[in-house]
Each structure stands twice: as structure tokens, then as C-alpha cells.
Amino acid sequence: MESVEVPRTATAPPPPPPPPPLPRITSTFPNLSSPRKSRPPQKSQSGIPPPPCPPPPFLKGNSSSAKGPPPPPSQLPQLTPPLGKDGVPLAKLKPLHWDKVRAPPEQSMVWDKIRSSSFELDEEMIESLFGYNLRSTVKKTEEANSKTPSPSKHVLDPKRLQNITILSKALSSTADQVCDSLMRGDGLGLQQLEALAKMVPTNEEQLKLRGFKGNLNELGSAERYVKTLLTVPLAFHRVEAMLFRETFEDEVFHLRNSFSMLEEACKELRSSRLFLKLLEAVLKTGNRMNVGTIRGGARAFKLDALLKLSDVKGTDGKTTLLHFVVQEIIRTEGMRVSDLVTGLTTELYNVKKTATIDLDVLATSVSNLSNGISKLNNLVENELSRDERSRGFVESMSAFLKYAGSNLKEVKEEEDRVIALVREITEYFHGNHVSKDEANPLRIFVIVRDFLGMLDHVCKELRSSKMAYSPNPLAPFR
Numbered sequence: 001m002e003s004v005e006v007p008r009t010a011t012a013p014p015p016p017p018p019p020p021p022l023p024r025i026t027s028t029f030p031n032l033s034s035p036r037k038s039r040p041p042q043k044s045q046s047g048i049p050p051p052p053c054p055p056p057p058f059l060k061g062n063s064s065s066a067k068g069p070p071p072p073p074s075q076l077p078q079l080t081p082p083l084g085k086d087g088v089p090l091a092k093l094k095p096l097h098w099d100k101v102r103a104p105p106e107q108s109m110v111w112d113k114i115r116s117s118s119f120e121l122d123e124e125m126i127e128s129l130f131g132y133n134l135r136s137t138v139k140k141t142e143e144a145n146s147k148t149p150s151p152s153k154h155v156l157d158p159k160r161l162q163n164i165t166i167l168s169k170a171l172s173s174t175a176d177q178v179c180d181s182l183m184r185g186d187g188l189g190l191q192q193l194e195a196l197a198k199m200v201p202t203n204e205e206q207l208k209l210r211g212f213k214g215n216l217n218e219l220g221s222a223e224r225y226v227k228t229l230l231t232v233p234l235a236f237h238r239v240e241a242m243l244f245r246e247t248f249e250d251e252v253f254h255l256r257n258s259f260s261m262l263e264e265a266c267k268e269l270r271s272s273r274l275f276l277k278l279l280e281a282v283l284k285t286g287n288r289m290n291v292g293t294i295r296g297g298a299r300a301f302k303l304d305a306l307l308k309l310s311d312v313k314g315t316d317g318k319t320t321l322l323h324f325v326v327q328e329i330i331r332t333e334g335m336r337v338s339d340l341v342t343g344l345t346t347e348l349y350n351v352k353k354t355a356t357i358d359l360d361v362l363a364t365s366v367s368n369l370s371n372g373i374s375k376l377n378n379l380v381e382n383e384l385s386r387d388e389r390s391r392g393f394v395e396s397m398s399a400f401l402k403y404a405g406s407n408l409k410e411v412k413e414e415e416d417r418v419i420a421l422v423r424e425i426t427e428y429f430h431g432n433h434v435s436k437d438e439a440n441p442l443r444i445f446v447i448v449r450d451f452l453g454m455l456d457h458v459c460k461e462l463r464s465s466k467m468a469y470s471p472n473p474l475a476p477f478r
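With UniProt numbering applied, the sequence shown corresponds to residues 1 to 478, in that order.
There are no misleading hints in this set.
Think about it this way: if two alpha-carbon atoms lie no more than 20 angstroms apart in a straight line, the pair counts; the simulated SDA-like pairs of lysine to any residue are:
no.	residue 1	residue 2
1	K308	I447
2	K412	S374
3	K460	E333
4	K308	L462
5	K267	E280
6	K409	E251
7	K302	L283
8	K159	E218
9	K267	R256
10	K267	V422
11	K352	S271
12	K409	H254
13	K302	L276
14	K402	K412
15	K308	K460
16	K375	R184
17	K227	Q162
18	K460	F275
19	K213	L230
20	K277	D304
21	K277	T320
22	K412	R245
23	K313	L278
24	K208	Y225
25	K412	F400
26	K353	E264
27	K409	S370
28	K412	S260
29	K169	P158
30	K412	D358
31	K402	F248
32	K412	E249
33	K412	V252
34	K308	Q327
Derived DEER-like restraints, expressed as beta-carbon distance ranges:
no.	residue 1	residue 2	range
35	N378	N432	39 to 47 angstroms
36	K198	A298	54 to 62 angstroms
37	R389	L207	20 to 28 angstroms
38	S338	L401	51 to 59 angstroms
These are calculated hints, taken from the structure and not from any lab test. Think of the CB as a built atom: it goes at the ideal place given N, C-alpha and C, for glycine as much as any other residue.
Using the sequences plus the hints, can you model the full thing?
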């Protein structure tokens, strides 16, 4: 190279030497100099090519800075996504918009007390709930580009899969542990059984899971969980049976408590002295009001009339027939207004509570218990009796069936007895003309409850206003 350049400088006047630092700076930043070096020499209009650019000798002299041309943009280092503890990139989640707080180093804050290791996130759960599902998007893009469809990794519907994932996390037990408990017929609590009952797969889902012959790792964790449970004979029938046994005591207690409350309410209505006095006052007042009409001279009335006492208003526009009846009872009994309310509330305590009971609901509960025992008996005596592996489950449930059958018999007897008492107390007030098809057999308790509410309201008005008592009790209603 030097032998070629010497004759060139001998035939032309030498150019002024360039400043020495300039070529070194240029060679230090190849990104700035490389575009010019990559362009081919252009010929001038005279046809004589221009002299070449200053040359590679400087690059040789500065070997530390000459490392070749810069990489193309596609090869520039990319930002790596954050990694989890297992080294797998973390999925992108939906953002939570908040304002970060920056406290001075010398200031003590509540956040200083938070230990970094005191709380661990369930990554699988948070990704399934709040992830953008970028992996499936990438997969769909690749499938569209390659035009070669690949089988889905999920057997169950995505929404269904998400629900089962949440429920399986609530179990706090592995699938193998649950299978062992189902085989034995014990070892699972109420919350676990309720979660399993919500995971029951449909017949179609069972066929898909049983028929899956691929790599189990391709399935989601929830799908693997359910597929493992299906290895137990009649797994979810066992879940239903164990859940029935777990809730049986509470159901029986609720029924017996309701029947006992109804029985006490019937006794209270029959024996309440103040309620009888109130009925007497209403009967006499009503007969006086109805003198000369077809309604006069009554010996009894349906309790529905108690709810109409507030509709009859006096000439002052304020005093109602109920105000008058209350004042009459206070006068004849020599008691205070508050004593009347307190006395009736005490004497009819269970009547007010019984008004919220629905006999149809109680009857349905008894029927459900009976059906549950029948289904469990069929499961034990027929479907699992020949399965040697299910002997523990069968023995456990057989003992429960004897206990449940005895209790159910007692509950049915209580139901029949209480229904008879309700009919008797209704006839005690309304006579023998009670319709067997009446929509609500407990209507009499509802009437008394509503009337006690009206009575309490009137007594509060009397206490607050100290309403004057009229010397002529019938004058206000003429």
C-alpha cells in the first residue's frame, strides 16, 4: 500500500496534513464513519475518479477501537422481561393504577414494617384471573402463519376451567389426598366438600377428560386435578353423599327448632291473657260501631279485622279505632301504655318469630332429607356393594344410614303433629270454616305479628303526644 501512495504524492502537490486527532475520533465511533465508507466511489463529470478516502492504515494503528461494523438494528440487545423465581418470564397482567409514594429516608412509615418474605403471591392464580393471555395470542399467531392447526392444550371451556382452578385452590389438598378421602368416606370438611360439589363435571366433560390420551402436562392444573378424581369409582356421587352426611345434623336441628317454635306459638296464642282482653275490647267496640247493621251482634270475628282498626278514623282526623281500643284497655286494666306493649311482646314472643316460617319450605326440607337417604342407600347397597376397594366407604355410610333413618322418622312425626296443632289453633280463632286449600296455613301468625307492629306504633304515638281521652268513647267515631 505504501509503495502505491508514494508515486501518487510525487506527481501532485501534497495536500495539507489533516489534524492528527480527527481520524482517531472518527475511527472510535464506527456508527458515524461506516455509512460513508460503505458507499462506492462516484466518478466526477470529467470521468476521473476522486482520490480514495483516508484509509485503513489508521484503523490498523488503532486496533483497540476497530472492532468491525455495528450490528444491524435487529441484532441489537432487547430488553428482557422480568423473570419469576423459576426463571420463567412473568406473564403480563392487567395494571393497577395507583400513585407511588416516595418518603424521605429519615421518615418512618407503615411500609417499613412490611417484611418482603411475609406474603407470597399465587402466581398461577393471579395469571389465570388477571393475565392478558399473551401466550395463547402468540400461539394463535404462529398457527395462522404456519397454517398447521395444533391440538388445544385445554379440554374444558376456558371459563369453566377458571372456576375449577379457583375451587381447586380452596381445597388445600392434593388430588391424591382427596381421592384417598373419597375412597375411605371421611377426611374432608364441609368447605372442601362444597367446593368439590361445585366442580362436578358434566357428562361431556367427563368423556373428554377420560378420553384424553396425550401428555398430562399439556392439561391445565385444574383439568389434571379433575381427571385424577375421576379415577375413583363414582367420585362425585361420593362427594354428594359425604356432603349430605356433613349437613344432615344442621338440617335436622333447623327443622326441629322450627317445629318447636310453631308448637310454642300455638300455646302462646291460646293462653295469652292480654291478647284475649284485646280481642274482647275489639269485639265489643265493633259491635257498638255496627249496631243496626247486618254486621252487628257478632260473637266472633276473623283476626284479619285487627289490621283494619287503623283505617277507621275519628272526626278529628287523627284518632283511629285502634287508639280508642288501646286507651280502653289501659283504662280498664289500670296499666300504662308501655306495660301493654311489653306484656303482649312477652306473651306472644314465638308468635312473632313464627310468622317468618314457611311451612312449604319446611316440608321441602323434610322431603330432601328423605330423598338424600334413599339415594345414599342405593349408592351403598347397589352401586358400590361389589367394589372391594370401596369397603371403607360402604361401612362408613352404612353406620350413618341407620342413624339418619331414625332421626328422619322422628322429624316426620314432629312435622305431622305440628301441622295438626296449627290447624287446631286456626280453627280455635276462625271456627271450622278454614279452607284446606288456604295458601298460607300460618296466616294467623302473620296477622298477629303485623297487628303487634301496628299496636307498637300507636302506643308510641300515645306516649309521645299524650293524646287526651274523650269522656264519650264513641263520640269521635260518629
